[in-house]
Amino acid sequence: MPDLLIELFSEEIPARMQTRAGEDLKKRITDGLVEAGLTYASAAALTTPRRLTLAVEGLLTESPTIREERKGPKVGAPDKAIEGFLRGAGLTRDQLEERDTPKGAVYFAQIEKPGRPAAEIVAEVLEATIRNFPWPKSMRWGSGPMRWVRPLHSILCILTDETGAQVVPLEVEGITSGDTTEGHRFMAPNRFAVSSFEDYAAKLKRAFVVLSPEERTEHIWNDAQNMTFAAGLEVVDDKGLLAEVAGLVEWPVVLMGQIDDEFLDLPPEVLQTSMKEHQKFFSVRNPKTGRIERFITVANRETADNGATILAGNQKVLSARLADAKFFWENDLRVAKSDIAQWTCALENVTFHNKLGTQAERIDRIAALAHELAPVTGADADQAEKAARLAKADLSSEMVYEFPELQGLMGRYYIEAAGEDAAVAAVAQDHYSPLGPSDDVPTAPLSVTVALADKLDTLTGFWAIEEKPTGSKDPFALRRAALGVTRLILENDLRLSLDRFFDSQLIRAESAINEALPEANVLDLLEEIAERGVFGAAFQTVRDRVDDLPAAAFLELEKKVPDASDDLLSFFHDRLKVFLRDEGIRHDIIDACIAMEGNDDLNLLVKRARALNAVITTEDGENLVQGFKRANNILTQAEEKDGVEYSYGADVKFAETDSEKALFAALDAAQAQIDPALRAEDFPTAMAAMAALRGPVDAFFEDVQVNTDNDILRRNRLNLLSQIRSVCSSVADLTKIEG
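Last residue of the sequence shown: 795 (the numbering used here), numbering continuous.
Quick caveat, the hints were computed from the structure, so don't treat them as lab data.
Note that the structure is predicted; figures quoted are calculated from it, not measured.
Incorrect hints may appear among the rest.
Said to hold, decoys possible - Between beta-carbon pairs, the in silico distance windows are:
{"id": "1", "residue 1": "D644", "residue 2": "Q761", "range": "27 to 35 Å"}
{"id": "2", "residue 1": "N405", "residue 2": "A360", "range": "52 to 60 Å"}
{"id": "3", "residue 1": "T407", "residue 2": "A533", "range": "35 to 43 Å"}
{"id": "4", "residue 1": "T365", "residue 2": "F248", "range": "24 to 32 Å"}
{"id": "5", "residue 1": "G434", "residue 2": "D622", "range": "27 to 35 Å"}
{"id": "6", "residue 1": "L389", "residue 2": "E639", "range": "43 to 51 Å"}
{"id": "7", "residue 1": "D496", "residue 2": "D622", "range": "29 to 37 Å"}
{"id": "8", "residue 1": "E461", "residue 2": "A360", "range": "37 to 45 Å"}
{"id": "9", "residue 1": "Q761", "residue 2": "T674", "range": "26 to 34 Å"}
Beta carbons are placed, not taken as given, at the ideal position from N, Cα and C, and that holds for glycine.
Go ahead and model the full structure; you've got the sequences and the hints to work with.
What follows is the structure, encoded as structure tokens:
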């Protein structure tokens with residue numbers, strides 16, 4: 057069986073595209089080969105900045121001959137139908153076979169597709185792959201229609217077996233396939249022929265090209281660690297930068313350079329970001345001081361002076377970059393120490409969203425919500441409001457303008473420089489977290505408060521203007537914000553009613569987009585919400601107080617806010633199902649808990665769901681659910697038939713069997729345990745008491761006929777089933793459980 061080697065050689069491929077391009081090449085080629093009947097043993101894709109390589113082992117020499125029988129139209133069918141069948145089968149009428157069937161004589165065709173040589177199939181598949189390659193961005197060059205990420209120079213395509221290597225002939229826009237490639241652009245630019253993958257990889261290595269991205273990555277990291285360790289320093293781990301740099305070089309040469317002393321007092325994050333973003337340098341840290349003191353750069357060639365000239369040039373460019381960073385840092389510090397509030401004022405001229413006002417208006421909303429949230433999170437309300445007003449001040453700083461990824465982190469430095477408490481300063485950095493499922497969640501009360509306020513304002517604001525996620529589209533990262541709120545609540549064990557805070561923040565968002573609702577009126581309305589906790593009453597109060605609020609505007613707001621609040625809570629519940637799925641909690645178990653009162657308290661909801669899951673996944677729990685559903689079905693059917701509701705309470709004096717009497721006792725005992733457990737929010741105890749009903753319920757249904765001819769006994773037993781439904785439903789809505 058021959059082996060296949062393909063190389064597509066071009067100008068430099070952007071590092072961020074290389075891995076995906078290798079995967080696409082492998083998939084498109086191997087899928088095309090298999091579809092044509094050519095199976096293979098294994099395939100591997102490799103990439104360098106100038107080449108995509110695919111090695112396929114154990115390829116069939118030709119595709120197998122395919123024979124199939126195809127049923128056609130009936131004998132005597134119209135000529136057009138028969139001719140269409142013949143065209144599809146590639147046969148003539150005299151090649152058809154007539155065969156009797158229960159529905160009459162029918163034409164059958166015996167079709168044989170002979171096998172094709174591997175080279176022919178490979179050429180077709182490779183040409184189609186090149187012409188239709190899914191680059192994120194591509195370009196045309198010259199006069200032809202050919203598109204590639206960068207100009208494509210050559211195509212290497214050979215099949216190798218025990219007799220030697222055979223070039224697979226093909227031509228794409230004037231580029232003819234061959235068995236040659238090039239080595240390093242500067243150190244070994246001449247072309248050379250190869251006869252197999254092993255020969256190809258070995259000759260490339262001699263021509264100063266490391267073909268494997270993993271090998272280049274390992275080489276860079278090992279050399280960087282060894283070099284810094286010898287100097288008593290350590291390289292800052294950055295896997296993303298490492299992967300990118302490995303995609304920029306074919307022959308990595310690791311060099312370590314100096315940072316001028318005048319820049320060593322810059323915050324380490326500033327040094328690290330500036331070197332990474334602009335120069336693709338690794339930061340080198342002094343483990344004793346934590347300062348960034350040197351840098352690692354990776355050259356793409358060896359030089360006679362061992363990289364001295366390269367390092368000198370890099371250090372010169374880096375000094376210019378860091379001089380800019382130092383200028384921004386010193387200017388920002390002067391502003392922060394004199395009057396940091398001017399940065400917040402400057403945000404009055406920065407639009408957050410054209411329907412939701414400026415960044416300054418958004419900060420006002422976040423600060424007001426942080427003040428409301430503080431009693432729940434255990435933070436000081438005035439401190440929370442202050443921290444919220446300062447948290448985004450650094451958006452106006454020169455450093456964050458240059459390096460947006462430093463927002464928050466620079467805010468912490470600047471707020472501390474302004475003389476504020478460290479806890480207030482930490483909010484600037486922490487309130488953006490968590491940014492993803494693996495990001496740490498803030499735990500300091502002030503940081504938790506502002507982080508919640510920030511994310512809730514984002515969600516309620518975009519819900520107010522009906523900019524919600526749809527399908528896979530989520531341009532404002534609202535799913536991430538909802539997950540962040542969920543994690544902040546659960547991991548800090550917070551108890552809060554989301555509905556109330558949705559309502560208050562939705563009204564603030566409405567004030568930003570509805571001039572008919574002045575801020576003073578909003579504050580009155582929020583005060584009533586806080587005092588009464590009843591949305592309808594708050595609306596009535598504000599309606600009585602505000603004479604100039606048009607009735608139509610009020611009615612629209614009165615309907616819109618509760619509807620948006622309910623819809624947003626449903627969105628949270630859907631996100632919660634995804635979050636708890638990783639714990640193995642099924643969506644129907646969560647639905648059974650969502651149906652209960654207090655479902656806007658995520659902490660309460662999750663505790664209930666976890667306790668129910670622990671019961672439902674046991675044998676007793678599964679059987680109890682079946683018993684509950686049987687009781688509920690019988691009861692529902694009887695109530696529909698009789699036109700009454702059996703909820704008057706059963707009387708034990710009408711119990712005939714021991715199992716019936718035992719069920720009365722078990723229900724009373726369960727109720728006595730469940731009620732105080734639910735009041736104490738001790739869901740495991742309540743669920744365990746419910747699960748203990750499994751045995752008595754099973755025994756009851758085995759011994760007792762509910763729909764007996766005796767009407768008194770029947771009504772009593774139906775009321776007993778109602779008690780089963782009532783006791784179980786006080787814990788969770790078991791009708792939502794599947795199965």
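Quick rundown of the hints versus the structure:
Range check, D644 to Q761: Cβ separation about 31 Å, and the 27 to 35 Å hint holds. For N405 and A360, the hinted distance range of 52 to 60 Å is satisfied, since their beta carbons lie about 56 Å from each other. At about 18 Å, the beta-carbon gap between T407 and A533 misses the expected band of 35 to 43 Å. Restraint check, T365 to F248: a C-beta distance of roughly 29 Å satisfies the suggested window 24 to 32 Å.
A hinted range of 27 to 35 Å holds for the C-beta pair G434 and D622, which are about 29 Å apart. A C-beta distance of roughly 46 Å is found between L389 and E639, which places it inside the suggested range of 43 to 51 Å. About 32 Å separates the C-beta atoms of D496 and D622, a value consistent with the hinted range of 29 to 37 Å. For E461 and A360, the hinted distance range of 37 to 45 Å is satisfied, since their beta carbons lie about 38 Å from each other.
For Q761 paired with T674, a C-beta distance near 29 Å keeps the hint of 26 to 34 Å intact.
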